[in-house]
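Chain Y is already provided as a structure; the job is to place chain B on it using the hints.
Chains as they are written, first to last, in my numbering: chain Y, 1 to 415; chain B, 416 to 830.
Bear in mind the hints are in silico, worked out from the structure with no lab data behind them.
It is possible that part of the hints are untrue.
[Claimed, not checked] Label-pair ranges, simulated between beta-carbon atoms: (1) Y:Gly298 x B:Pro691: 26 to 36 Å; (2) B:Glu651 x Y:Glu156: 37 to 47 Å; (3) Y:Thr17 x B:Gly562: 54 to 64 Å; (4) Y:Glu153 x B:Pro691: 24 to 34 Å.
Glycine included, C-beta positions come from ideal geometry on N, C-alpha and C.
Number of protein chains: 2
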Amino acid sequence: MELDAERLRDDIETNATFGAVAAEVGQGRTVLTGSEADKRAREYFLTRLEDADLEVRCDAVGNIVGRWEPPGCDPNGSPVAFGSHLDSVPRGGIFDGPLGTYGALEGVRTMQEADVTLDRPIEVVSFTEEEGARFGVGTLGSSVATGELDTREALELEDDDGITLRERLDGIGFHGEEMTDASEWDAWMELHIEQGTQLTDADAAVGLVESITGITNCEVTVTGAADHAGATPMFERSDALAAGSMFVLALERVAEEVATTHEAAVGTVGQGSIEPNARNIIPERVQYHIDIRDVDHGTMDTIVERCRLSLARIERCRDVTTSLSRYRDTPPTAMSERCLSAAAATTPDTDLIRLYSAAMHDTANVGGVTDAGLLFAPSEGGFSHSPREWTDWEDCVVASGVLAEAVRSLASDAE
Amino acid sequence: MELDAERLRDDIETNATFGAVAAEVGQGRTVLTGSEADKRAREYFLTRLEDADLEVRCDAVGNIVGRWEPPGCDPNGSPVAFGSHLDSVPRGGIFDGPLGTYGALEGVRTMQEADVTLDRPIEVVSFTEEEGARFGVGTLGSSVATGELDTREALELEDDDGITLRERLDGIGFHGEEMTDASEWDAWMELHIEQGTQLTDADAAVGLVESITGITNCEVTVTGAADHAGATPMFERSDALAAGSMFVLALERVAEEVATTHEAAVGTVGQGSIEPNARNIIPERVQYHIDIRDVDHGTMDTIVERCRLSLARIERCRDVTTSLSRYRDTPPTAMSERCLSAAAATTPDTDLIRLYSAAMHDTANVGGVTDAGLLFAPSEGGFSHSPREWTDWEDCVVASGVLAEAVRSLASDAE
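Chain Y extracted, bound-state conformation:
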């Protein structure tokens, strides 16, 4: 099968015009769920699904599904689904999401033109709010489709303006009635850009993701005593920021030590706040949000445990109290060997590498309820969530071709 490279590029470039932002370098877009840009992106996607004669439905949280019943298929059989998402972070790139969404549609169009006969129906999917940029919950649409998140609860989520997801979806006309149940899919595949440089470093065209790392998030607080920065002698202080800075360095050290033997293991303090945060007042309290990931759940537990030990030590050697609350613990998700093999079978070994994904994807949710596979296309320089994000058009076509062949294979029971 040969994809139509121009058609795929046209779709991604047209999609890039919705929410386009000015950028000194590269090409960016801002597509927040329920925005005007999101509405236009969805409407164009709908049109393109219908152009390919797919039967389109929009579910209760705005997930869009286009269904194709290929010649020879059992319409009552479990479908093979593939796709990605169309939303973006603020000032995000044009490939993160759209490549996998339009790559899937191009796969269907290519199969149609190749007059393939398949055993199972095919569904092309675009999940709502993968980035969590508006409602604070990443992979929202797939969480609902896999039963991780209750539909009603999702619809009541509020954005920073106090407007609910329900209202936002109603506002753009993409609040459907039905439910999507990912567990009814026989298999699922997603193509995504790598957001790293393992593929370009290895000069490989396609990455087969063996595992999506788990994520643990903790909130750490360190509480000392606010006092006058001038009148409180150095040896009579309980400075929460100084104690907190010890913790930041301790987490870094622990993650580095663990990473010497577990290369995927990472620990980051990306977010923090200081109270009262005034130049002339000794900090009373600091709060940090930490992010720990690995392909091994046990290693993640180890890092959290060593954070607790570090905080206990800081309490002992400084006059502060501390707390650690592990408020999210998503275990690593192994991809289905059946899906990986379907992709590997179509591609020369030299063009492939096997790797892990340190970024979260909708496929992590879907992998919890059915066989799932994730493919990566190369990211130039590894840039992501930025207008500098780039994947060569040639690479888009090659990776989409592997995706199409894999789905064709998965939908053919004979194989």
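Here is chain B on its own, set in the frame of chain Y:
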């Protein structure tokens, strides 16, 4: 001379009703420059000055001066002035400022009732915006009165709502025409609460401040590279928060080392920010505001220099860039021995201690243009800028008595 303890207490308690805030412990108030609370506090003060037959004027930045020409004085002689301020920080205490302001007025009333004869006119002063809580510039009124800050520049300062000091003062009817020139005063005295515990620790009634520490403020930035917290391996990071945390601990260590020989020396990181401050992004940039104080200007320079060395070391051992901008450098101010002696002469040595002030006061400005003295009254527990701030009424009276005797002595050339 004997003060009227009830009258002083009544004035401070009445003043405490303006901007009063609910507090679980203690008694607090919020009196921001130009607010309704400030208006009422000023109007009451005006009335009380007039009740004592003082001639009142309000200058161009709202400083209020009540003038008394005592029997025997030369009306053209340089006056002896004393006072403090009536504004507060949000949820501040009821003594910080008002004790010195109403203590001065009570001193005048007491001298009047004692039928004293003096050589010089006496002025009771309340400075505008000592706390800097609304317009961001502390000791604003005295800065203008001492020529440190241009009147027009001060009036154009904007608060967080974009409203200028001029508009705020016009709004409450306290924007006068005249200028106050502190250099015309023969001497100046201020009574203030200690905001520390040296007096209560020593069981002393009054503190004679020998020096007000200098303040240096610096802005420190550390810049690394923002990157995906999951996909960026531990050994390929340039984490600005980890590097910044090294700096926070370095400043603490330097200040502690210096403080082993210079007890007043302090260094604090009280304020900081992280960019982009998202849980799943490695921090690109941290910015800190640091506060360095000592009674010795050279020591302050030493601490800043060692901060620069520390940043240079952090640049060397981590892949970050740093900057340090020393945007404020107020040298320490020595108090006039003449003013201190005038206070000491009236008080048994056992009731006095000599100490330094680590907090900034209007007197630091006035000390730059004329002889100035600063007295401290005890602060229970050292609490300040809080409803928990407290000074026993007895202690208020004793310290105000010392203030009155000192001013009486300073205004008598014969002595």
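Hint check results:
{"no.": "1", "hint": "Y:Gly298 x B:Pro691: 26 to 36 Å", "in the structure": "holds (31 Å)"}
{"no.": "2", "hint": "B:Glu651 x Y:Glu156: 37 to 47 Å", "in the structure": "holds (40 Å)"}
{"no.": "3", "hint": "Y:Thr17 x B:Gly562: 54 to 64 Å", "in the structure": "holds (60 Å)"}
{"no.": "4", "hint": "Y:Glu153 x B:Pro691: 24 to 34 Å", "in the structure": "holds (28 Å)"}
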